[in-house]
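Undergrad: Now for the letters of each chain:
There are 2 protein chains.
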Amino acid sequence: MESRSGGIRVVKQTRAAYFVSDSTGITAETLGNALLANFPGFAFVKHTIPFVDTPEGAANVVRDIARDADAGLSPIVFATTKNASVSAMLASAPATLIDLLGGHLTELETALGTTASEQLGQFHQLGDATQYFARMRAVEYAIEHDDGQSSRALDLADVIIIAPSRCGKTPTTMYLALQYGLLVANYPLTDDDFPTEGLPRLVAPYASRCFGITTTPLRLSQVRHERRPDSRYASLAQCTVELRRAEDLYRRNRVPFLNSSTKSVEEMSAVILQTLRLRP
Amino acid sequence: MESRSGGIRVVKQTRAAYFVSDSTGITAETLGNALLANFPGFAFVKHTIPFVDTPEGAANVVRDIARDADAGLSPIVFATTKNASVSAMLASAPATLIDLLGGHLTELETALGTTASEQLGQFHQLGDATQYFARMRAVEYAIEHDDGQSSRALDLADVIIIAPSRCGKTPTTMYLALQYGLLVANYPLTDDDFPTEGLPRLVAPYASRCFGITTTPLRLSQVRHERRPDSRYASLAQCTVELRRAEDLYRRNRVPFLNSSTKSVEEMSAVILQTLRLRP
Chain A
1 MESRSGGIRV VKQTRAAYFV SDSTGITAET LGNALLANFP GFAFVKHTIP FVDTPEGAAN
61 VVRDIARDAD AGLSPIVFAT TKNASVSAML ASAPATLIDL LGGHLTELET ALGTTASEQL
121 GQFHQLGDAT QYFARMRAVE YAIEHDDGQS SRALDLADVI IIAPSRCGKT PTTMYLALQY
181 GLLVANYPLT DDDFPTEGLP RLVAPYASRC FGITTTPLRL SQVRHERRPD SRYASLAQCT
241 VELRRAEDLY RRNRVPFLNS STKSVEEMSA VILQTLRLRP
Chain B
1 MESRSGGIRV VKQTRAAYFV SDSTGITAET LGNALLANFP GFAFVKHTIP FVDTPEGAAN
61 VVRDIARDAD AGLSPIVFAT TKNASVSAML ASAPATLIDL LGGHLTELET ALGTTASEQL
121 GQFHQLGDAT QYFARMRAVE YAIEHDDGQS SRALDLADVI IIAPSRCGKT PTTMYLALQY
181 GLLVANYPLT DDDFPTEGLP RLVAPYASRC FGITTTPLRL SQVRHERRPD SRYASLAQCT
241 VELRRAEDLY RRNRVPFLNS STKSVEEMSA VILQTLRLRP
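Sequences listed follow chains A and B, in order. Just so we're aligned, residue 1 is where the first sequence starts under the numbering used here, counting upward by one. Just so we're aligned, residue 1 is where the second sequence starts under the numbering used here, counting upward by one.
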């Protein structure tokens, strides 16, 4: 693969990367990508293959890997498969196999002084339905309370995210609801909210559960231009004023806040959990 | 810890489990929990500690771990920390350290014939803003198109999830939007949709992007009872009829579908991606 960097053509070595799982593949993908990010000198052609839970399924994957190996892509396979015959089949592929579970399971067996297999029979997934309902309720609560649309049951909110329009309240709200089943409302700070010193009337009773978001004026202006090009609303001057006022408001009311311009939704969520001590 | 199983009191050995990360802790938590799930004979007191990126931060964690060790909880530490001095500090704790990254990084260095540290200087997080905007847009699209509320830009949808009321369309919709940045609409199947053989008028033009959800009548009835207790809407008879009709509709129109009663939101999403070939 070729890319351009400062006018110089850089030819990167290309490798195939497979994320293989007996479940959704999300863990294999996340951890695999985190590991690969340490090697920016390579280009990776990535494949996520979920639900590989039979030797036949694994044989199909091995066939794909072998094709890539023949094509000179020296595949690397990140696996989170628990079944021994599936793992053995994957190990037969012409590739580097990085087993993200197996070795650690052995470490854990040593630490606990028992084998995983002996224990497995006792395993039953209790509480899944409960967790499912909690997430459903949380997502519905987040939709109902997005952008200050409803004040119903606002007293139940675990978190109320406040920020000027387009600072990124909604994705973080949804992530907290989905990942942690928390009840999260969000409320936009508009010009109307700034004549007074205090928090907006609706959220003021819940100040201890508020969390503010800010961003850089340039970034906010860019996002707003997408919605309303060349408007006063999107102008750099207006964005600068609104962000300064919002930050003043957070400080005056001791509302913890965070700049979203350099943080992912996951990072924002983790900081909010940490700050408001909401970890289950 | 004690629990009751069939009237017999079971005393489980209790251990402390720490998920320690220099970032959000989500990967350490997910993988650590997946590993611990293999040992249901133990009770684990769990702690997630994100953003541990300095030796001082790690020293604080080691202090907590030592306290648990003194209390006889023989701690197990799952770590995804990249910094060597942070990892060294954690290794000094009186606990079993399971390093979820380090060993694999070494394996990867061998496979690629280079060291991660040599490469790291070149690393820059390009495309993060793009991904952020894509997620924001996707979540907003999902909110706008939840429960058939809008037909605007429905032609842009990557997926349209259809199902009777309360089958679990919304959480899966949001997960697909947040995790993969896909544009996902969902549409409720009501009694009005069943006089004809075809899909509802609004979604019919996009049949190839539709995905159906079904569940068990009992589960649907339980969920509906929470919303409208003792209503006809929540009755087992009504739920049975609606689900049978919905499944008939899916089959007649070759809409792939899935039973949500035994699947997590992550699993549903992974199957939908796979079936509609939507993996990026």
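I should point out that these hints are in silico values taken from the structure, not numbers from a laboratory. Errors might be hidden in some of the hints.
Which copy? The list can't say, so a pair holds if one copy fits it or any two copies do.
[Said to hold, decoys possible] Derived DMTMM-like pairs (lysine to aspartate or glutamate); straight-line CA-CA distance at most 25 Å:
1) Lys12 <-> Asp193
2) Lys12 <-> Asp158
3) Lys46 <-> Glu226
4) Lys12 <-> Glu266
5) Lys82 <-> Asp147
6) Lys46 <-> Glu107
7) Lys82 <-> Asp64
8) Lys46 <-> Asp68
9) Lys82 <-> Asp53
10) Lys82 <-> Glu107
11) Lys82 <-> Glu140
12) Lys82 <-> Asp193
13) Lys82 <-> Glu144
14) Lys46 <-> Asp155
15) Lys46 <-> Asp147
16) Lys46 <-> Asp193
Undergrad: So which hints don't hold here, by number, going up?
TA: 1, 2, 3, 4, 5, 11, 12, 13, 14, 15 and 16
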